[in-house]
Structure formats: structure tokens, C-alpha cells
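Visitor: Sequence:
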Amino acid sequence: MRVAVYNQMFGLNGRNLFSNLAGHYSIHYMRNSKSVYKSAKISRTLDLVSRSNADVVGICEVLEGQEVELGKGLRETGYDYVFFGNGHRTKSSKLKVRVAIASKVPCKQVSKVHTLDFPVKDEMSGGGGIVHCYFPKLDFNMINVHLANPKKQHLYLEQIAFLEEYIEELNGRVVLAGDFNSTYLSLKDNFGDFSLFSDQIKTCSLTPIMKWFFWKDCDHIFARGFNVKDKGYLEGRSDHRLIYADLN
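According to the working numbering, the sequence shown is numbered sequentially starting from 311.
Keep in mind that the hints are not guaranteed to be accurate.
[What the hints assert, rightly or not] List of simulated lysine-lysine pairs, BS3-like, C-alpha gap at most 27 Å:
(1) LYS512 x LYS351
(2) LYS541 x LYS414
(3) LYS431 x LYS498
(4) LYS348 x LYS422
(5) LYS351 x LYS404
(6) LYS422 x LYS462
(7) LYS414 x LYS461
(8) LYS401 x LYS344
(9) LYS539 x LYS512
(10) LYS461 x LYS526
(11) LYS382 x LYS414
[To be verified] Derived CB-CB ranges, DEER-like:
(12) VAL423 x GLU386: 28 to 36 Å
(13) LYS498 x TRP525: 16 to 24 Å
(14) LEU331 x ASN537: 39 to 47 Å
(15) LYS422 x LYS539: 15 to 23 Å
(16) SER496 x LEU327: 20 to 28 Å
If you are wondering where the hints come from, they were derived from the structure by calculation, not from laboratory data. All of these numbers come straight from a predicted model, not from anything done at the bench. Just so it is clear, CB atoms sit at the ideal spot from N, CA and C, and this is done for glycine as well.
Assemble the whole structure, with the sequences as input and the hints as a guide.
Guide: Written as C-alpha cells, this is what we have:
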């Protein structure tokens with residue numbers, strides 16, 4: 311089973327410095343988000359996910375309003391099961407930032423009530439959300455999460471504590487994936503019985519010039535109860551790489 315995770319940067323262009331800066335500014339500080347929807351190319355996200363050949367994929371940075379196009383496209387690509395979870399709201403437009411799990415394997419979303427206590431703050435880098443699915447035929451749980459920037463230390467530590475407690479209550483096999491905004495070395499003591507299967511692949515930032523100052527493993531695939539056969543990455547339009555791991 312191939313599991314992937316991808317921060318799509320709202321479908322915007324992260325491979326150009328000006329486009330990256332302008333895109334994030336428009337997301338968080340402009341009240342009218344029409345320019346964001348117009349500039350976003352969800353089709354590029356769908357193409358990359360398709361090329362990854364993943365059975366299950368976690369997607370981060372989905373802007374409220376993009377779910378219909380993204381969900382429809384994923385289902386047309388063979389991902390019959392698509393579920394979304396909520397994160398913080400953008401500062402000016404008050405739109406929700408969301409995360410998703412899309413799967414070719416039958417699964418169901420675990421009640422959102424269980425994830426409502428995930429702490430977020432309605433500002434840039436305030437935590438992109440959490441979504442949890444259970445796969446009955448394969449008997450495992452998967453969580454896709456997008457954590458806050460660690461510079462927001464109090465909020466970040468609250469989110470880590472939430473995750474630690476949340477996964478401790480899950481029995482059996484679990485995949486924990488997403489954009490953690492931190493390196494594996496910073497996280498390795500937080501999820502003790504989980505193994506890292508994405509091999510500290512550097513994922514961000516692919517943006518020219520930014521890459522000189524920030525080139526780290528921020529996105530990860532952790533798992534408990536699985537073995538890994540292979541792992542790798544693909545690059546698309548975002549400032550993040552898509553990473554994948556083959557689990558058995």
C-alpha cells in the first residue's frame with residue numbers, strides 16, 4: 311500500500327518567489343479571495359497525485375471553496391473516498407484552511423467530534439487542521455495533520471500534546487502523516503512507538519532564493535505496525551514536495 315502526503319500550497323505557484331509571496335499574502339490578508347481561486351491550479355495537484363500512484367494520500371492547504379473541484383477530480387482519478395478536516399481561518403477573508411484524506415481503499419471518516427479539540431489560531435501558520443480516517447478492511451487508522459509554525463511555540467506545543475494523547479488512544483496499526491513544520495530530529499521523541507518511513511526527505515522550500523535559507527524535512531510519514539518497502543518523492547507546483555512510502 312502506497313501512502314503519500316502533499317502540501318499543495320492552495321494550488322498556487324510556489325516555484326516562483328514573487329508568486330509565492332503574493333499568493334500567501336492574498337490568502338491571508340485580502341478579503342476578496344477571487345484572485346486566489348483564479349490563480350490556483352487544482353488540476354496540477356490532481357496530476358501529481360495521479361503520478362504518485364498512491365493508494366491513500368493526505369493533502370494539506372486546501373482553501374475553503376476548493377473542496378468541490380478537488381474532491382470531484384480525486385474521485386474521477388480513482389479516489390472514491392475523500393474526506394476533509396478543518397484548521398484555522400484566514401485572517402481577513404475568514405475562510406477555513408483544510409486538510410484532506412483521499413483513498414482508493416474503502417475507509418470512513420472518524421467522527422469530527424473527536425478532532426474538534428485540535429487547537430488552532432485564526433492567523434497565518436495557525437495550524438492547517440486534522441482529519442482522521444479508519445480503514446476497516448485493512449484495519450488501520452490514518453491521521454493527516456498540518457501543524458502550526460513552531461515559532462508560535464505555545465500553540466505548537468499544544469498541538470503536539472493533542473496529537474500525543476490522540477494517537478495513544480488508538481489501538482493497532484496507525485499512519486500519522488502531514489506537514490509538521492518541523493524536522494524529524496525535532497519530533498523523534500514525541501511519537502516514540504512510531505517509525506519514520508519517509509526517510510527525512512527534504513520537502514520545503516522549493517521556492518528559489520527561499521531554498522537557500524530554508525531547506526528541511528517538514529513533511530513526514532510516521533507509522534506504527536507497518537514495515538516499509540520503498541519511499542520517494544515527486545515535485546509539482548507547490549513549494550513542498552510530495553512524499554510517499556510503500557507500507558506492508
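Visitor: Provide an ascending list of the numbers of those earlier hints which the structure does not satisfy.
Guide: 4, 7 and 15
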